[in-house]
Amino acid sequence: MAELDGEVARPGSGERVILWSLPAVVVIWMAAFLLFPGFVPPMSPRASATEVADFYDENLSRVRYSMILFNWFCVAFIPILMLIAERMRGMAHRTPVLRYCVIGVAGAAPIVFLTSTVFWLIAAFRPDRSPELTLLYNDLAWITFTCGVPFLVGLCAFLALAIAYDAQERPVFPRWVAWFNVVIAVALVPAGFAGLTPSGPFAWDGLVSFWVRNSAIGLWIVVMAVALRQAMDREPGPDRGSSGDPARTEIGAEA
Amino acid sequence: MSIVSNLRADPKRELWFAWYSTVAFYSLYSVVFFGLTRTQPPGKPWLEPEQTVEWFAGRQDGLLVGFALIFVLGGWSATAIALIAYSIRRMSVSRAFAYSYLVLYLIAAVPGFLFICVAMTVGAMRPERSPEAQQWLYDLGFLSFSGTMGVFLVGSLIWMTAILLDKNRVFPRWFGYLNLCNALTEVVIAPSWIFQRGVLAWDGVIAWWIDVAVFGTYTGVFIYLLREVIVRDDFGRGPLPDAPPGRPRRWHPLAKVVR
Numbered sequence: 001m002a003e004l005d006g007e008v009a010r011p012g013s014g015e016r017v018i019l020w021s022l023p024a025v026v027v028i029w030m031a032a033f034l035l036f037p038g039f040v041p042p043m044s045p046r047a048s049a050t051e052v053a054d055f056y057d058e059n060l061s062r063v064r065y066s067m068i069l070f071n072w073f074c075v076a077f078i079p080i081l082m083l084i085a086e087r088m089r090g091m092a093h094r095t096p097v098l099r100y101c102v103i104g105v106a107g108a109a110p111i112v113f114l115t116s117t118v119f120w121l122i123a124a125f126r127p128d129r130s131p132e133l134t135l136l137y138n139d140l141a142w143i144t145f146t147c148g149v150p151f152l153v154g155l156c157a158f159l160a161l162a163i164a165y166d167a168q169e170r171p172v173f174p175r176w177v178a179w180f181n182v183v184i185a186v187a188l189v190p191a192g193f194a195g196l197t198p199s200g201p202f203a204w205d206g207l208v209s210f211w212v213r214n215s216a217i218g219l220w221i222v223v224m225a226v227a228l229r230q231a232m233d234r235e236p237g238p239d240r241g242s243s244g245d246p247a248r249t250e251i252g253a254e255a
Numbered sequence: 001m002s003i004v005s006n007l008r009a010d011p012k013r014e015l016w017f018a019w020y021s022t023v024a025f026y027s028l029y030s031v032v033f034f035g036l037t038r039t040q041p042p043g044k045p046w047l048e049p050e051q052t053v054e055w056f057a058g059r060q061d062g063l064l065v066g067f068a069l070i071f072v073l074g075g076w077s078a079t080a081i082a083l084i085a086y087s088i089r090r091m092s093v094s095r096a097f098a099y100s101y102l103v104l105y106l107i108a109a110v111p112g113f114l115f116i117c118v119a120m121t122v123g124a125m126r127p128e129r130s131p132e133a134q135q136w137l138y139d140l141g142f143l144s145f146s147g148t149m150g151v152f153l154v155g156s157l158i159w160m161t162a163i164l165l166d167k168n169r170v171f172p173r174w175f176g177y178l179n180l181c182n183a184l185t186e187v188v189i190a191p192s193w194i195f196q197r198g199v200l201a202w203d204g205v206i207a208w209w210i211d212v213a214v215f216g217t218y219t220g221v222f223i224y225l226l227r228e229v230i231v232r233d234d235f236g237r238g239p240l241p242d243a244p245p246g247r248p249r250r251w252h253p254l255a256k257v258v259r
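Just so you know, the protein sequences line up as chains V and C, in that order. Counting from 1, one number per residue, gives the positions in the first sequence under the numbering used here. Counting from 1, one number per residue, gives the positions in the second sequence under the numbering used here.
Honestly, the hints are just simulated from the structure, not real lab data. Model, not experiment: these values are computed from the prediction. The C-beta atom is built at its ideal place from N, Cα and C for all residues, glycine as well. Hints are supplied without guarantee of correctness; some may be wrong.
[Unchecked claim] Quick partial rundown of chain C residues pointing at chain V, CB under 7 Å, derived from the structure:
| # | residue |
| --- | --- |
| 1 | A18 |
| 2 | Y20 |
| 3 | L64 |
| 4 | A68 |
| 5 | A78 |
| 6 | L102 |
| 7 | L104 |
| 8 | P111 |
| 9 | G112 |
| 10 | V118 |
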């Protein structure tokens with residue numbers, strides 16, 4: 001017997017509203033990305049304290065506005081991730097363990113972005129601060145932003161495993177989504193090592209740590225949005241999740 | 001019962017995945033903190049700014065590589081938390097306990113271990129930074145790591161309360177009280193925010209050595225007990241049955257004697 005929170009999305013549940021917030025969130029993220037003068041092109045880890053201080057001096061308004069925008073909306077992705085977590089109720093799992101894993105990292109991942117915006121905004125708060133301190137805050141922001149991939153890697157890995165374990169005739173997400181998540185996880189891994197070198201493809205402004213990593217996150221959002229929408233369209237009705245599939249037992253369905 | 005067969009065909013495969021990941025995560029954690037970065041046992045809180053410059057310079061590669069590994073694999077900490085949250089869900093208590101534990105420990109992830117990774121990486125990547133700035137990063141790293149207290153304090157109390165109220169026999173009652181010991185380590189560490197020297201400083205005999213002994217014991221015990229829970233779990237709602245008879249109790253030090 002499924003309890004109220006064991007049931008899946010139905011018209012009027014509000015899930016479509018959350019789903020359709022995604023295009024707006026994507027536009028805002030793109031705007032923040034392009035507005036921040038330190039992303040296109042990415043700031044160099046080789047810049048001296050004076051150069052970094054000059055950068056903030058010259059671009060003060062754009063740094064502030066872009067990071068306030070990103071501070072507001074980096075966490076707007078959490079409701080979308082919760083839609084994915086909700087779809088996981090329909091998976092042929094016997095326990096909610098993998099869903100708990102996804103909920104956990106889904107909460108932590110945007111907080112890492114949030115923390116990086118705090119450091120960028122502090123760096124811009126007092127342009128008359130000593131260049132040494134501005135460099136320090138700038139480093140903290142870039143390392144947090146670039147290297148802070150553990151929860152994104154975990155998110156992709158847990159989702160991939162959850163999909164692989166979803167052994168039923170009509171799985172919630174098709175198998176290729178699992179492989180796609182593995183590829184994205186692999187693409188994110190090198191960014192974690194950005195602190196090791198100030199130059200080359202693995203530096204925080206490099207091809208791998210900046211462009212591949214951020215493109216992978218962008219691609220993940222687009223592809224998972226499509227897969228999520230298809231999964232939501234496929235859901236037959238309120239019965240699902242409460243009976244039928246013998247692999248699904250009460251703990252997994254209701255938790 | 002090999003790892004591969006556990007993770008492929010076993011009906012409890014999600015639980016086994018979470019359990020093996022828990023073991024792997026805590027092993028990685030030990031290797032990174034005690035071995036690669038040598039940030040445990042921690043540096044001295046009373047170092048002068050110039051000495052912190054030397055401290056960073058003396059372990060630059062270890063800090064950068066070690067914390068890079070945490071940057072990549074730190075998300076696996078979620079598996080232990082998810083498994084413990086599931087163990088609480090399996091109890092007769094309200095889901096509120098499980099969700100509280102899940103949320104508390106995941107909040108802990110950012111101040112409790114991401115901050116030390118960021119601070120130490122930033123310190124190690126520019127050894128030429130001014131001594132005052134290096135000392136600031138040194139303090140941020142160690143104090144955020146050992147001084148993130150409340151989430152673990154309340155989280156352990158939540159787990160303890162759930163175990164003591166539980167009627168499904170998921171954990172033995174003595175383990176409930178062991179949670180209290182873990183919660184108390186977060187009280188004992190509090191003076192490290194105040195003292196730079198002595199037994200209560202962040203590297204002190206009480207604040208570090210006793211706390212690590214308690215935390216290490218606690219972690220080893222709950223990893224063992226979680227394995228027992230998985231073996232006993234029948235996916236039902238009532239009391240957990242005893243371990244299936246005749247099943248080899250691997251890794252139990254008294255396995256041969258017991259059988």
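So, going through the hints one by one against the coordinates:
1. A18: holds (5 Å)
2. Y20: Hint violated; Y20(C) Cβ to chain V Cβ min 12 Å, cut 7 Å.
3. L64: holds (5 Å)
4. A68: With a closest approach of 4 Å, the A68(C) hint holds.
5. A78: holds (4 Å)
6. L102: holds (6 Å)
7. L104: Status violated, d = 11 Å.
8. P111: Violated, because the Cβ-Cβ distance from P111(C) to chain V comes to roughly 9 Å (cut-off 7 Å).
9. G112: violated (11 Å)
10. V118: Holds: closest Cβ of chain V sits about 5 Å from V118(C), inside 7 Å.
Hints 2, 7, 8 and 9 from the earlier list are contradicted by this structure; the remaining hints agree with it.
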